[in-house]
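My request is simple: use the sequences and hints to build the entire structure.
Each chain is listed here by its residues.
There are 2 protein chains.
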Amino acid sequence: MNNFEFCNPTRIVFGRGTEARVGAETAVHAKKVLLHYGGGSIRSSGLFDRVVASLKGAGVEYVELGGVKPNPRLSLVHEGVRLCKEKGLGLVLAVGGGSVIDSAKAIAMGAVIDHDVWDFYLGEGEPKAALPVGTVLTIPAAGSESSTGTVITREEGLLKRAVNSDLLYPRFSILNPELAFTLPAFQVGCGAADIMAHLMERYFTTVRHVEFTDRLLEATMKTIAHKAVEVLASPRDYDAWAEFMWAGTIAHNNLLDTGRVGDWASHDMEHELSGVYDVAHGAGLAVVFPAWMKLTMPTDPARFAQWASRVWNVDTDFWTPEVTAREGIRRLEAWYHAIGLGTRLADLHIGKDRLDEMARKCTDGDRRTVGNFVKLDSKAVRRVYELAV
Amino acid sequence: MNNFEFCNPTRIVFGRGTEARVGAETAVHAKKVLLHYGGGSIRSSGLFDRVVASLKGAGVEYVELGGVKPNPRLSLVHEGVRLCKEKGLGLVLAVGGGSVIDSAKAIAMGAVIDHDVWDFYLGEGEPKAALPVGTVLTIPAAGSESSTGTVITREEGLLKRAVNSDLLYPRFSILNPELAFTLPAFQVGCGAADIMAHLMERYFTTVRHVEFTDRLLEATMKTIAHKAVEVLASPRDYDAWAEFMWAGTIAHNNLLDTGRVGDWASHDMEHELSGVYDVAHGAGLAVVFPAWMKLTMPTDPARFAQWASRVWNVDTDFWTPEVTAREGIRRLEAWYHAIGLGTRLADLHIGKDRLDEMARKCTDGDRRTVGNFVKLDSKAVRRVYELAV
Numbered sequence: 001m002n003n004f005e006f007c008n009p010t011r012i013v014f015g016r017g018t019e020a021r022v023g024a025e026t027a028v029h030a031k032k033v034l035l036h037y038g039g040g041s042i043r044s045s046g047l048f049d050r051v052v053a054s055l056k057g058a059g060v061e062y063v064e065l066g067g068v069k070p071n072p073r074l075s076l077v078h079e080g081v082r083l084c085k086e087k088g089l090g091l092v093l094a095v096g097g098g099s100v101i102d103s104a105k106a107i108a109m110g111a112v113i114d115h116d117v118w119d120f121y122l123g124e125g126e127p128k129a130a131l132p133v134g135t136v137l138t139i140p141a142a143g144s145e146s147s148t149g150t151v152i153t154r155e156e157g158l159l160k161r162a163v164n165s166d167l168l169y170p171r172f173s174i175l176n177p178e179l180a181f182t183l184p185a186f187q188v189g190c191g192a193a194d195i196m197a198h199l200m201e202r203y204f205t206t207v208r209h210v211e212f213t214d215r216l217l218e219a220t221m222k223t224i225a226h227k228a229v230e231v232l233a234s235p236r237d238y239d240a241w242a243e244f245m246w247a248g249t250i251a252h253n254n255l256l257d258t259g260r261v262g263d264w265a266s267h268d269m270e271h272e273l274s275g276v277y278d279v280a281h282g283a284g285l286a287v288v289f290p291a292w293m294k295l296t297m298p299t300d301p302a303r304f305a306q307w308a309s310r311v312w313n314v315d316t317d318f319w320t321p322e323v324t325a326r327e328g329i330r331r332l333e334a335w336y337h338a339i340g341l342g343t344r345l346a347d348l349h350i351g352k353d354r355l356d357e358m359a360r361k362c363t364d365g366d367r368r369t370v371g372n373f374v375k376l377d378s379k380a381v382r383r384v385y386e387l388a389v
Numbered sequence: 001m002n003n004f005e006f007c008n009p010t011r012i013v014f015g016r017g018t019e020a021r022v023g024a025e026t027a028v029h030a031k032k033v034l035l036h037y038g039g040g041s042i043r044s045s046g047l048f049d050r051v052v053a054s055l056k057g058a059g060v061e062y063v064e065l066g067g068v069k070p071n072p073r074l075s076l077v078h079e080g081v082r083l084c085k086e087k088g089l090g091l092v093l094a095v096g097g098g099s100v101i102d103s104a105k106a107i108a109m110g111a112v113i114d115h116d117v118w119d120f121y122l123g124e125g126e127p128k129a130a131l132p133v134g135t136v137l138t139i140p141a142a143g144s145e146s147s148t149g150t151v152i153t154r155e156e157g158l159l160k161r162a163v164n165s166d167l168l169y170p171r172f173s174i175l176n177p178e179l180a181f182t183l184p185a186f187q188v189g190c191g192a193a194d195i196m197a198h199l200m201e202r203y204f205t206t207v208r209h210v211e212f213t214d215r216l217l218e219a220t221m222k223t224i225a226h227k228a229v230e231v232l233a234s235p236r237d238y239d240a241w242a243e244f245m246w247a248g249t250i251a252h253n254n255l256l257d258t259g260r261v262g263d264w265a266s267h268d269m270e271h272e273l274s275g276v277y278d279v280a281h282g283a284g285l286a287v288v289f290p291a292w293m294k295l296t297m298p299t300d301p302a303r304f305a306q307w308a309s310r311v312w313n314v315d316t317d318f319w320t321p322e323v324t325a326r327e328g329i330r331r332l333e334a335w336y337h338a339i340g341l342g343t344r345l346a347d348l349h350i351g352k353d354r355l356d357e358m359a360r361k362c363t364d365g366d367r368r369t370v371g372n373f374v375k376l377d378s379k380a381v382r383r384v385y386e387l388a389v
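Chains A and B, in that order, are what the protein sequence lines are. Following the numbering used here, the residues of the first sequence are numbered contiguously, the last one being 389. Following the numbering used here, the residues of the second sequence are numbered contiguously, the last one being 389.
Derived from the structure by calculation, the hints contain no laboratory data. Idealized CB from N, CA, C, for every residue including glycine. Each hint should be verified, as a subset may be incorrect.
[Unchecked claim] Derived CB-CB ranges, DEER-like:
hint: 1; chain 1: A; residue 1: P235; chain 2: B; residue 2: K31; range: 40 to 46 Å
hint: 2; chain 1: B; residue 1: R367; chain 2: A; residue 2: A58; range: 37 to 43 Å
hint: 3; chain 1: B; residue 1: E5; chain 2: A; residue 2: E386; range: 46 to 52 Å
hint: 4; chain 1: B; residue 1: R367; chain 2: A; residue 2: H209; range: 29 to 35 Å
hint: 5; chain 1: A; residue 1: G39; chain 2: B; residue 2: A233; range: 57 to 63 Å
hint: 6; chain 1: B; residue 1: D317; chain 2: A; residue 2: R330; range: 45 to 51 Å
hint: 7; chain 1: A; residue 1: R344; chain 2: B; residue 2: A20; range: 49 to 55 Å
hint: 8; chain 1: B; residue 1: K294; chain 2: A; residue 2: P235; range: 39 to 45 Å
hint: 9; chain 1: B; residue 1: A58; chain 2: A; residue 2: P235; range: 50 to 56 Å
hint: 10; chain 1: B; residue 1: K294; chain 2: A; residue 2: A53; range: 48 to 54 Å
hint: 11; chain 1: B; residue 1: K294; chain 2: A; residue 2: D347; range: 54 to 60 Å
hint: 12; chain 1: B; residue 1: V112; chain 2: A; residue 2: A162; range: 41 to 47 Å
[What the hints assert, rightly or not] With a Cα cut of at most 27 Å, we get these calculated BS3-like pairs of lysine-lysine:
hint: 13; chain 1: B; residue 1: K56; chain 2: B; residue 2: K128
hint: 14; chain 1: B; residue 1: K375; chain 2: B; residue 2: K352
hint: 15; chain 1: A; residue 1: K128; chain 2: A; residue 2: K87
hint: 16; chain 1: A; residue 1: K87; chain 2: A; residue 2: K31
hint: 17; chain 1: B; residue 1: K222; chain 2: B; residue 2: K294
hint: 18; chain 1: A; residue 1: K222; chain 2: B; residue 2: K222
hint: 19; chain 1: A; residue 1: K128; chain 2: B; residue 2: K87
hint: 20; chain 1: A; residue 1: K128; chain 2: A; residue 2: K31
hint: 21; chain 1: B; residue 1: K128; chain 2: A; residue 2: K31
[Claimed, not checked] Partial selection, computed: residues in chain A whose CB lies under 7 Å from chain B:
hint: 22; residue: N3
hint: 23; residue: F14
hint: 24; residue: G15
hint: 25; residue: F212
hint: 26; residue: R215
hint: 27; residue: D239
hint: 28; residue: A242
hint: 29; residue: Y277
Structure (structure tokens):
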């Protein structure tokens, strides 16, 4: 196990009706906030009105900024930064899923600096401060409600880049599983794939003696594997959603990689897919991850066999761990299909014509490798994309 | 799953050599602190000198208060409170195990009030503030390094009582598994039994739809079951200690009971044992818990069978869950024996003469029941003690 530091200060308020608490939680930090959200679904569901009523009840003023799209855009972040500065706003309240929260985190960083917040996404400097962020989560998926990360896409060149900073842990996150009842099935499937990916990225590591976090990760993967299927079959099953939502948060709050180093190549490779083709992140991951596994499994068949046995209940072939491992990958693919996702580029209507371009962008034109479990250069990245054709 | 709130702000600094960080972590909060510890072992090991050097290096002054004993006493807490007030100390730094940390938390509460801190332990009022507490953990066991709890024994009447408050989460805890290398085997066994008890108290619940936290608890129980045996066999095995220590912290940091209600009757019953007889807490738990299980198993054999199957690898008897459950209890007893603990009152040299007295004290003279999984009155508590004879 590696040395580590861990401190996740996000206050989780979890359960039925908890959005009524948003005013009180917000007022602890600021009396004038940016209310940031996506499209019209939070209006038609009545959530918007409930949030606004709670803010008003707590004496919190707000300025609205809607319109966040999946793969959230830098231009809207700039708009939010401008509003925060002009109006002297003290907190960014994200009501929505991972895209809204990631956009809110970007605005929170941008609001306290004089240069373009995109600099941080390019790796130029690190944030030294940020406005506090609060969230009301509507889509269990990205884990951004209790994570240090934000991923933003710059329209120019469709460049998708991430920032991680302890400053970006939301101060509070309100998680009401009922808010997920009305999600479209495709979005549920994408969310499940994203959560599973967060767990698998952490699971496949070269760090030894990580039995405890292995087991915690397996416990969470099993939960997501079961509950994703249940909530798709019964979209109003509160209990199944509650397990799914809480597991989705824990999957990405940094507890499960204490003492180990995750891989993250599949996320990097998917960012190019969704940057270039604007596909849903989870749908892209369901295509990239099995292909990545087929390429990398031979480097540590035992780890893949353990995963196949413990998460997917594959009978162990004690003589040939590769057999167990391959059956695990097959069951992962079957699970993606069961939750309504394809596992091939063709399922996303993506051909072979831009694989080279994506492989080059993913590795910054061959100036870096991606992944830690196995380090992939642009040639290896291209092989993964080819395995996904 | 129940609604819940969760926010554990303790900063964990984990790994080899991390005690060198204590000065810097302390200086964030205070420049003049109470250095609180137990006996001579931290002096003979050199830890005391390393901690003091780190404090001095960070410009932190300290006042010493050693002498904390297992089942920490109120009189020393009073002494610590007096020192904090007289010298204007701003943080209580606990260097030791759970007893030292619990004592530090009591001092931290007492230092900011005018009345006796014992009032809180009697349930009279709740703490509204406390000095910050920091820890350097030397004994993985109580989980106090990242918990809200403190248990203190008042010498008069040997009354052992607990306080829980979010104010008592330590601000930081430094966890270096190397510091556990020199623990006596009996203390290691007691620590393992305490950690396992924290997990079992949470596991046995009447709340339904808690599959996720069930699995996290099982993952942690399996880790402790394996690693306790390994560290006893190889006391200088850093990797085994690291898993054991981190699992011991997670076992009691409140993550694993999110959305569920634990039982805690066994802890209450053990507190009477160790209050009256001054036995080690873990040794007492190894006696009380199997007896409690024998009494309560028939109320939910399925939960016991799941535990037996998933934690102890018992073959499932699908027709008769009681058979599976009983074999799980038997394996738990065998595990206690394997880590050097007895499972009978006689092993602690305790007879039958004071069972009534303990049962009455445990239930405040029959004015309350203990436990949530099954509510036990004084008669039922007495039956548990009898099953442990």
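Status of the hints after comparison with the structure:
1. Taking the beta carbon of each, P235(A) and K31(B) are about 56 Å apart, not inside 40 to 46 Å as hinted.
2. Checked against the hint of 37 to 43 Å, the C-beta distance between R367(B) and A58(A) comes to roughly 40 Å, which is consistent with it.
3. For the pair E5(B) and E386(A), the beta carbons lie near 48 Å from each other, so the given range of 46 to 52 Å is met.
4. Separation of R367(B) from H209(A) is about 49 Å and departs from the stated range, judged on CB atoms against 29 to 35 Å.
5. Checked against the hint of 57 to 63 Å, the pair G39(A) and A233(B) passes, with Cβ atoms roughly 59 Å apart.
6. At about 32 Å, the beta-carbon gap between D317(B) and R330(A) misses the expected band of 45 to 51 Å.
7. Between R344(A) and A20(B) the CB atoms are about 52 Å apart, so this pair conforms to the stated range of 49 to 55 Å.
8. Evaluation of the 39 to 45 Å hint for K294(B) and P235(A) yields a pass: the beta carbon distance comes to about 43 Å.
9. Checked against the given bound of 50 to 56 Å, the beta carbons of A58(B) and P235(A), roughly 55 Å apart, stay inside it.
10. At roughly 53 Å, the beta carbons of K294(B) and A53(A) sit within the given window of 48 to 54 Å.
11. As the Cβ distance of K294(B) to D347(A) is approximately 55 Å, the hint placing it in 54 to 60 Å holds.
12. A C-beta distance of roughly 43 Å is found between V112(B) and A162(A), which places it inside the suggested range of 41 to 47 Å.
13. Restraint check for K56(B) and K128(B): not satisfied, since their Cα atoms lie roughly 31 Å apart, outside the 27 Å limit.
14. Straight-line distance between C-alpha atoms of K375(B) and K352(B) comes to about 23 Å, which keeps the hinted pair within the 27 Å bound.
15. Note on K128(A) and K87(A): the hinted pairing holds, with a Cα-Cα distance of about 22 Å set against a maximum of 27 Å.
16. At roughly 12 Å between alpha-carbon atoms, K87(A) and K31(A) fall within 27 Å of each other, so this suggested pair holds.
17. Simply put, K222(B) and K294(B) have alpha-carbon atoms about 21 Å apart, close enough for the 27 Å limit, and the pair holds.
18. Taken as a hint, the K222(A) and K222(B) pair is honoured in the structure, with Cα atoms around 16 Å apart against an allowance of 27 Å.
19. Distance check on the hinted pair: K128(A) and K87(B) sit about 35 Å apart at the alpha-carbon level, beyond 27 Å; violated.
20. Of the pairs offered as hints, the one joining K128(A) and K31(A) holds, with about 23 Å between alpha carbons and a cut-off of 27 Å not exceeded.
21. Taken as a hint, the K128(B) and K31(A) pair is honoured in the structure, with Cα atoms around 24 Å apart against an allowance of 27 Å.
22. Residue-level restraint check for N3(A) holds (minimum Cβ-Cβ distance to chain B is 3 Å; threshold 7 Å).
23. At its closest, the beta carbon of F14(A) sits 5 Å from a beta carbon of chain B; the interface hint therefore holds under the 7 Å criterion.
24. This hint holds: G15(A) has a C-beta 3 Å from the nearest C-beta of chain B, less than the 7 Å allowed.
25. Look at F212(A): its Cβ gets to within about 4 Å of chain B, closer than 7 Å, so that hint holds up.
26. Among the interface hints, the one on R215(A) holds; its C-beta lies about 4 Å from the nearest C-beta in chain B, closer than the 7 Å criterion.
27. Hint status for D239(A) relative to chain B: holds, with the closest Cβ pair at about 4 Å, below 7 Å.
28. Against a cut-off of 7 Å between C-beta atoms, the interface hint on A242(A) holds, since the closest Cβ of chain B lies about 4 Å away.
29. With 7 Å as the threshold, the beta carbon of Y277(A) stays out of range of chain B, its nearest partner Cβ sitting at about 34 Å, so the hint is violated.
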